Amino acid sequence: MLSFKLNGRDVTTDAPSDATLLWVLTDHFKQHGLKFGCGLSQCGACGVMIDGTVVRSCQTKASSVGGRSVTTLAGLMENGKASQLQQAFIDEQAAQCGYCLSGMIMVAQALVDSNPKPTESDVRSALNGNLCRCGTHTRIIRAVLRATA
Amino acid sequence: MNAPFGMNRRQLLGTTGFLTLTFAMPSNLFGQEVQSPEGPGISGGPGLPVDLKKNPMLSSWLRINSDGTVTLLIGKVELGQGNRTAIAQVCAEELGVNFSRLQIIAGDTKLCPDEGVTSGSTSMPDGATAVQYASAEVRGILLGLAATKLGQPAETMKVKDGTVTAANGKTVTYWDLVVGKALDVKAADNPKREKPSDYTIVGTSVPRVDIPTKMTGGEIFIQDMHPEGVVYGMVARPPNYRSKLTSIDLGPIEEMPGVIKVVRDGSFLGVIARTKDEAMAASAALGKAGKWDIPNDMIGNAAIYDWLLKAPSNPSVIHTQIRTSGGAPAKTIEATYRRPYVMHGSIGTSAAIAQLGTDGVMTIHTHSQSVWQTAEAIAKMLKVDTNKVRCIHTQGSGCYGHNMADDAAADAALLAAAVPGMPVKLQYTRAQEHQWEPYGSAMVIKIKAGVDGDGNVLDWETDVWSTSHATRPGGHPGNLLSAQYLDPPFEQPTPRDIPGPNFGSGRNAIPLYQFPGQTVTTHFVSEMPLRVSSTRSLGAYPNVFALESFIDELARDANVDPLEYRLRFLKDDRARAVLMKAADLFGWSSYERKPNYGRGIAFARYKNYAALTAVAMEIRVTPRNGQVQVLRVSVADDSGQVINPNGLANQMEGAVIQSLSWTLKEEVKFSDSAILSTDWASYPILTFQEVPKIDVALINQPGMPFLGTGEAGQGPTAAALANAIYDAVGIRLYTLPFAPDRVKAAMNAKK
Chain A
3 MLSFKLNGRD VTTDAPSDAT LLWVLTDHFK QHGLKFGCGL SQCGACGVMI
53 DGTVVRSCQT KASSVGGRSV TTLAGLMENG KASQLQQAFI DEQAAQCGYC
103 LSGMIMVAQA LVDSNPKPTE SDVRSALNGN LCRCGTHTRI IRAVLRATA
Chain B
321 MNAPFGMNRR QLLGTTGFLT LTFAMPSNLF GQEVQSPEGP GISGGPGLPV
371 DLKKNPMLSS WLRINSDGTV TLLIGKVELG QGNRTAIAQV CAEELGVNFS
421 RLQIIAGDTK LCPDEGVTSG STSMPDGATA VQYASAEVRG ILLGLAATKL
471 GQPAETMKVK DGTVTAANGK TVTYWDLVVG KALDVKAADN PKREKPSDYT
521 IVGTSVPRVD IPTKMTGGEI FIQDMHPEGV VYGMVARPPN YRSKLTSIDL
571 GPIEEMPGVI KVVRDGSFLG VIARTKDEAM AASAALGKAG KWDIPNDMIG
621 NAAIYDWLLK APSNPSVIHT QIRTSGGAPA KTIEATYRRP YVMHGSIGTS
671 AAIAQLGTDG VMTIHTHSQS VWQTAEAIAK MLKVDTNKVR CIHTQGSGCY
721 GHNMADDAAA DAALLAAAVP GMPVKLQYTR AQEHQWEPYG SAMVIKIKAG
771 VDGDGNVLDW ETDVWSTSHA TRPGGHPGNL LSAQYLDPPF EQPTPRDIPG
821 PNFGSGRNAI PLYQFPGQTV TTHFVSEMPL RVSSTRSLGA YPNVFALESF
871 IDELARDANV DPLEYRLRFL KDDRARAVLM KAADLFGWSS YERKPNYGRG
921 IAFARYKNYA ALTAVAMEIR VTPRNGQVQV LRVSVADDSG QVINPNGLAN
971 QMEGAVIQSL SWTLKEEVKF SDSAILSTDW ASYPILTFQE VPKIDVALIN
1021 QPGMPFLGTG EAGQGPTAAA LANAIYDAVG IRLYTLPFAP DRVKAAMNAK
1071 K
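Those protein sequence lines, which keep their order, are chains A and B. This note's numbering puts the first residue of the first sequence at 3, with every later residue one more than the last. This note's numbering puts the first residue of the second sequence at 321, with every later residue one more than the last.
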C-alpha cells in the first residue's frame, strides 16, 4: 500500500510498486492536469511537483512518492479558484490547444517559488525543456512575467 | 466534456421547453451554389452560406431554452484555434443575447449539423458565416413572435440580452416567447443581420471559453476522461509500412498481468488490459513476439527529391497566361526549392475512447477533425451500418491537420469491438505517433523567370512536384491506418490531387504579382513512399517559401529593395496594405545594417483568395556554426471582418512559431527500412530560447467576409526567414530546413 499527500490530502493506493506515477495520478486519482506526451521525459507535459520540485511523472515510479507530497495543476488552485499564476495564464490567453500547459505551469510555479522576480531570460531558461507545438511560447512567457510583476 | 460552461451533454439537451424551429426552405434556394468570387464557402451573394445550405433546418443549429439559455450546435470543432469562442460570439451578436447564455455542442455526429471537416482555415468563413445567418434568422422569428404577443410592429422592437422591448415600452423575453411553442416556419433567404457598426460582441476579445479549465487542471481533453469501467487499449505496429505478420504466439501475452484480451486480425495487433501500465507492457511484448516479413525498399530521405522528379506523375497546367507584348527576356533566372517530409508533431499522442453498446452502436470520443466521415469509414471497417457508429468530438492535443486522431478512433473501435460493453481508452506511444502519422508531403518546386533589362518579370514558370495532401478518411476505411493491415486488408484508395488551382499541391503556387506571362504546372505523384496527408496549409507553405524566396532573388538581381520590388507588381490594394503595414511595424525604412544581421519580408494571400498576410523579420547568423537566431517578427494580417482580435493574433503568433520550427529544424528522417525520427530528440522542434518576439498588426475589414486565419502565416514566415538569411550573410537557401550544418555548408561554398 502506497501512502502520500496529493494536493494536501493524505491518500493511499494499492497500485503495484512499479506503477508509473503518471498513470496512478491520472487513472487512479483522476488528476487531469498532467498529460502523457512522450513517456521519455522529453516534452514536460506530465510535470508534477514532488516536495516542491517538478518531476516528469511519465518516467517516475509511483513508489518513489511514498510519504512525500505531490502537487498537480489542480493543487495549485487557491480556495477553489485559479491561483495568481494560473490567472495570469488565463488573462494572457496563453494557450492554443493547452495540452502542454499543465507541465508549463508547474515549472513556472517552481521557478516563481525559488525566484519571485524572474527576468524574461530566467523564464525562457526554466521552460526550455518544455515543448509547445501550437506556438504559444511568447504568451506563456508574458503570463509568468505578469504573475510576478 | 464538450460543454465549456460546466454542464454535461445530458443537461444541455435535457433542458425542457426549448423552441423547436422547424423550417422548410424555399425550394428555389436548393439549386443555388453559394460561391462568391472570394472562393467557396464565403457568403456574399444571394442564397445561404454553404454549411447552412447543407444543414438548412435552423433547429439543427439553435435551441432557445425556457431556462434562459441558448444551445448552439456546430459541426466545426475546437482544435485549440479558438473557433468555439469565435463562432459563439457571432451567434450571440446576431441573436441578441449575452455571450454567457450560450452552451455549445460541437462535432457530435448524432446531435450536430454536419459541417464536414474542420480544416483549411474554414471555421470562420464557413462555420461562423452559417451561424451568423442562422442566428439572425432566429432573431427575426423571435421578433415576430414578440410583435404578436405585444401587439406592436416587429420593426420597432429592440433586443438586449434576449429581452425584446417595443416602442411603447412593453417587454417580453425570448424565454417567455418559447414556452409551449412549436413552430413550423419558412425561413427567409437573406435574414436581416446586425450592422457591423452596431457590433458589441463581434470584434472584441472575448476570453476563450475553454482556457480556464485547461489552466486549472479540469476535465476537458479525451485524455482526461475516465468512464466507469474503463479499460486500456494499445496497439503494436509492424516494423515498417509494408511489413506482414507471418506468425505469432499470443499465449504468453495473454498470460501477462492485467491482460483482458489480445486481438490479432491479419497484421493488426492490439491488447486490452486493466491499467495503462499493463497495456503498454503487453503491447511492447506483443510487438516483439511477432515474426514479420520486413521489406527494406524504402527510398530514404536523402534520395526523395530525385525520386519525386522521376516518379510517374500527372502534370496539370493549373494556370496559364500568355504574354502578348514585349520582346525577348534580357536574361533568365531559375531556382529549385525542396521541402522534406514534416510532422504534425502533436505534443499529446493521439487518443480515443470507444465503447460498443448493447444497442450495437459503437460510440467513440475522438479528436478527429472529420467526425462524420471518420464515423462512416469506421462503420465500413467494422462492417456495420453508418448509423451504428457515433463519433463525439472531444478535445485533444493540437493537430494542425490530419494527424493520427482518426487512426486512434479506428483502433479504439477495433479493440472495443472485441470487448463489448467495455469502454476502451487508447493513446499511442510517442514512437507510434512519430513513425506512423501521415506527414506533410516532401515537395520540389522549380521556378524560372525571364526578366527585362530593368529586372521586370516578363515570363514566369512554376513547376510543383508533390505526393498527396489529402488522405483523410473521407468515409473510406482504406485511409484508416490499421484497416490496411486487417485480413482481408482494406486497400487505400489511390490519392488524387485536390481539384482546383489552389487546394492541394498547387495551393498558392500561382503568383498574385502582375507578371505578363505565367504558367504554373503541378506534377502530382500518386504513389506515397511515406504516409502523407493534410498538414497545416498543405502545399501553400512550400509554394510560398519558393515563390517569395524567388521574388526576393529577382529583386536582389535587379538591385531593388525587396519591398519596393514586390509593390511594383502587386496591384491589389488589400495586398499592398498588409505588405506596407508589416514593413512599417518592422521599421523597414529605418533599418540599420549590422554584420551577420539581416532582414527579410514576404507576403501571401492564403489560397489566393483568403487571409492576406505579410511577415517581416530580423535574424542573426553565427558564421562559426551556422546557427540562425530569429530576433523579432512583425506580422500584418487582413482576415476580413475580425471576430476576436486576441484569438486571431494568437493563431498568427502560433503559425509564425510553428513555421519557424519547420523552417529551421524539421525533417522526417528515414532509411530503406524504417522511419528514424521516433521522438523529440531525433525530430527536434523549436524551444523557448529560440522563439522570437512577435508583433501582430490586424487590419480589420468591418462587414467584409470572415476569411479564416489558421494557416495563413506558414508560408510567408518561411520565405521571410530565407530572405533574411540572404540579407545577413549573402547565401540563398533552397532546401529546407535551414539547419546549422546546411547554413555552414552554404557559407563555406560561397567563400
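Hints in this document: simulated from the structure, not taken from any laboratory. None of the values given here were measured: they were computed from a predicted structure. Be aware that a few hints might be false.
Unchecked claim - A short, non-exhaustive set of chain A residues, derived as facing chain B with CB atoms under 7 Å: (1) 19; (2) 31; (3) 35; (4) 40; (5) 43; (6) 80; (7) 86; (8) 101; (9) 130; (10) 135; (11) 136; (12) 140; (13) 147; (14) 151.
What the hints assert, rightly or not - The calculated lysine-lysine pairs, modelled on DSSO-like cross-linking and capped at a C-alpha distance of 30 Å, are: (15) B:581 <-> A:32; (16) B:891 <-> B:374; (17) B:651 <-> B:374; (18) B:1071 <-> B:768; (19) B:490 <-> B:478; (20) A:7 <-> A:32; (21) B:989 <-> B:891; (22) B:469 <-> B:490; (23) B:700 <-> A:32; (24) B:581 <-> B:768; (25) A:63 <-> B:469; (26) B:703 <-> B:374; (27) B:581 <-> A:63; (28) B:1013 <-> A:119; (29) B:985 <-> B:891.
Cβ coordinates follow ideal geometry from the N, Cα and C atoms, glycine included.
* Asked: CA of residue 7 (chain A) to CA of residue 32 (chain A), is that 30 Å or under?
  -> holds (15 Å)
* Holds or violated: residue 703 (chain B) to residue 374 (chain B), with C-alpha atoms at most 30 Å apart -> holds (27 Å)
* **Interface hint status, residue 140 (chain A) versus chain B (Cβ within 7 Å)** => Hint holds; residue 140 (chain A) Cβ to chain B Cβ min 6 Å, cut 7 Å.
* Under 7 Å, Cβ to Cβ, is where residue 101 (chain A) needs to be relative to chain B, so tell me if that hint holds or is violated. => Result: holds, 4 Å to nearest chain B Cβ.
* To do: Would you mind confirming whether the straight-line C-alpha gap from residue 490 (chain B) to residue 478 (chain B) stays at or under 30 Å?
  => Distance of about 11 Å is within 30 Å: holds.
* **Proposed interface contact between residue 151 (chain A) and chain B, which counts if any beta carbon pair is under 7 Å** => violated (18 Å)
* Tell me if residue 147 (chain A) is really an interface residue toward chain B, meaning its C-beta lies closer than 7 Å to one of theirs. => violated (13 Å)
* Against chain B, run the beta carbon of residue 80 (chain A) and see if the smallest gap drops under 7 Å. => violated (10 Å)
* Is the hint on residue 35 (chain A) kept, meaning its closest Cβ partner in chain B is under 7 Å away? -> holds (3 Å)
* Should the interface hint for residue 19 (chain A) be scored as holding, given a Cβ-Cβ cut-off of 7 Å against chain B? -> violated (11 Å)
* Against chain B, with CB atoms and a cut of 7 Å, does the hint on residue 135 (chain A) hold up? -> holds (5 Å)
* Asked: Straight-line Cα separation of residue 581 (chain B) and residue 63 (chain A) no greater than 30 Å?
  -> Measuring from Cα to Cα gives roughly 26 Å; hence the hint holds.
Checked against the numbered hints above, the structure violates hints 1, 2, 5, 6, 7, 13, 14, 16, 17, 21, 23, 24, 25 and 29; every other hint is satisfied.
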